[in-house]
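Asker: Read top to bottom, the protein sequences are chains A and B.
Note that numbering that gives the first Met the number 0 numbers the first sequence so that position 227 is 226, with each residue one more than the last.
Note that numbering that gives the first Met the number 0 numbers the second sequence so that position 221 is 220, with each residue one more than the last.
No lab work stands behind these hints, which were simulated from the structure alone.
Some hints could be false.
Here's a subset of chain B near chain A, in silico, CB distances under 10 Å, partners left out [what the hints assert, rightly or not]:
1) PHE97
2) ASP99
3) ASP213
4) ARG263
5) TRP321
Each residue gets a CB set at the ideal place from its N, CA and C atoms; glycine is no exception.
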Amino acid sequence: MSSKNTLLEVRNLKTYFYTYRGVVKALEGVNLKLGYNEIMGLVGETGSGKSVTALSIMRLINPPGKILSGEIIFDGRDLLKLSKEEMREIRGKEISMIFQEPRAALNPVMRVGDQIAEAIETHEKLKKEELKNAVIDLLKKVGLPDPDRLINQYPHELSGGMAQRVVIAMAIAFKPKLLIADEPTSSLDVTIQAQILDLLEDLVSEMGSSVLFITHNLGVAAELCNKISVMYAGTVVESCDTYTIFDDPLHPYTVGLIKAVPKMGQRGELYVIEGELPDLVNPPPGCRFQPRCPKAMEICKRTPPKTIEIKPGHVVACHLYNEG
Amino acid sequence: MGEILKVENLKTYFPIRSGLFFRISGYVRAVDGVNLEVKANETFGLVGESGCGKTTLGRTILRLVKPTDGRIFFEGQDITRIKGKKLREIRRTMQIIFQDPYTSLHPRKMIKDIVGEPLKIHTNMKDHEIKEKVVETLQLVGLSEEHIYRYPHEFSGGQRQRIAIARALILRPKFLVLDEPTSALDVSVQAKILNLLNILKQKFGLTYFLISHDLSIIDYMSDRVAVMYLGKIVELADKEKLFQSPLHPYTKALITSIPIPDPRAKKRKKRLTLKGEPPSPVNPPSGCRFHTRCPFAKPLCEKEEPALLEVDSQHFVACHFWEEISNEKL
């Protein structure tokens, strides 16, 4: 993929957290490439660094966390080199974010309408009447019934699904080029999740946005995303289109992860990835997956694998596939 | 295969109190007339969305919550109203594993005390006997003697759930309620716990009452499955029947809503998307409780509540129009 088609490229991103227990090496050289009109699933287990990646892209890492090095090229600009003011211009306008717990993402003592209006006013000055119309339009767009009444309600009066629609309304106010969704449906029931996924899919294709969709649910990723990147312990271990990742996964972790999920109709014992997630204060030397990897070799214990493009669009970080 | 548990018209209401004198102003009808039977040595799956009453049903069966009406039979004995010594006796054979192993273990107790506590309550074993039994049970769940003097915070989520399983198993119960046993865990850990539960079931001839909102886990683990909506069972059948030919529209919506980890599946399946959200169990809709969200609802559904009927051998459904709907071929 040439850089012209790339909306977002994350290169060798390192984010550490300086805690009393020691330095948590949360991201250790993350590489990601997201094209225009792409929905990329960022998949991984708890603590793999999915959310830290998202927050790093938004430059929302606060002390004790710090982005140490790397580049985040968004639409031709390195976000890590921008000033705070320039970054604020981008947040909510060009890149916006949807969070996991919708009711925690909303201000509990502010009316729904005012919160959305505030999000709009941050970037655009409108007259009162225009502002109200803009808010109501947004609420209609995300499929909320009776928006005139809704703008005067408080978040606690909404159900989880409705609250998530409100959060989505805020996020799409300026038709962002990039939408980062951090487990947006994990706290919702399946029938509501289905509604929200349908809505996101429609909105994104209408706006022509790209999405970085963070999830631990492989099923959700398979349904929604056209590309998938798998994270393990602070690195992206594999990245390719959705069909390939399920048909022909290369990295032993990806293989194990897909096999560990019970499929409908599956019988017999489930595949198990032995061992536990490493402590990121003292990550294992070499490849971080090496202590749990059924195919680990000598070299894996010494050198971290390079990320290489095996086939066009299929990237993997594993010594099994390094040259030679 | 005989039944180990039978529930008849079980109701559990929680009063809502308000006003100056905290008068009862209404009820949350968490479980509202449930009939079911669990056979010995089977895994009975109960699915439903949050707030449908599945956890309350599980707890009422164990008598952790007081039933409002109806009867519960365990191994033929009516346990609906038993008290004191009799209740304690029954509890030896019925145990529960909770969803969140981070809150279900006492943070300031050592593992040997957490796992050994049921023995202290139910037996008069001496300390060294209890310790032996604890070690033996920990080994069953994949932990070892070195763990017994540690505290819960020293363990990962998966290990904590193993500790909770050991605590539930130490009295060698016959019947276990598994309330979302893996939903707080990651997939790779989940696989280990599910495998362990299946091994233990075989080994001790256990009966599981598995509560989950995750259909793929229910499908993987269960022999028979009941679907719950707003305090009522809407469909109950053998797993194969339920998943291959669901009759109730809610079951169909649930099954078609679960995301399948196979990118080709999406094109194959036609999703039945429901409108709106589940209504409140304080004021359940009249007639069929699902009619407000049902894409096939007709005037009758608003007026009359459908009974849970056996429409095929061992396949129960509570819907007025299941026949018409299934002929329509979704």
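Asker: So, for every hint listed, does it hold in this structure?
Answerer: Here is how each hint holds up against the structure:
1. PHE97: It is violated, given that the least Cβ distance between PHE97 of chain B and chain A is near 19 Å, above 10 Å.
2. ASP99: Violated: closest Cβ of chain A sits about 14 Å from ASP99 of chain B, beyond 10 Å.
3. ASP213: With Cβ-Cβ at 8 Å, under 10 Å, it holds.
4. ARG263: 8 Å, holds
5. TRP321: With Cβ-Cβ at 19 Å, over 10 Å, it is violated.
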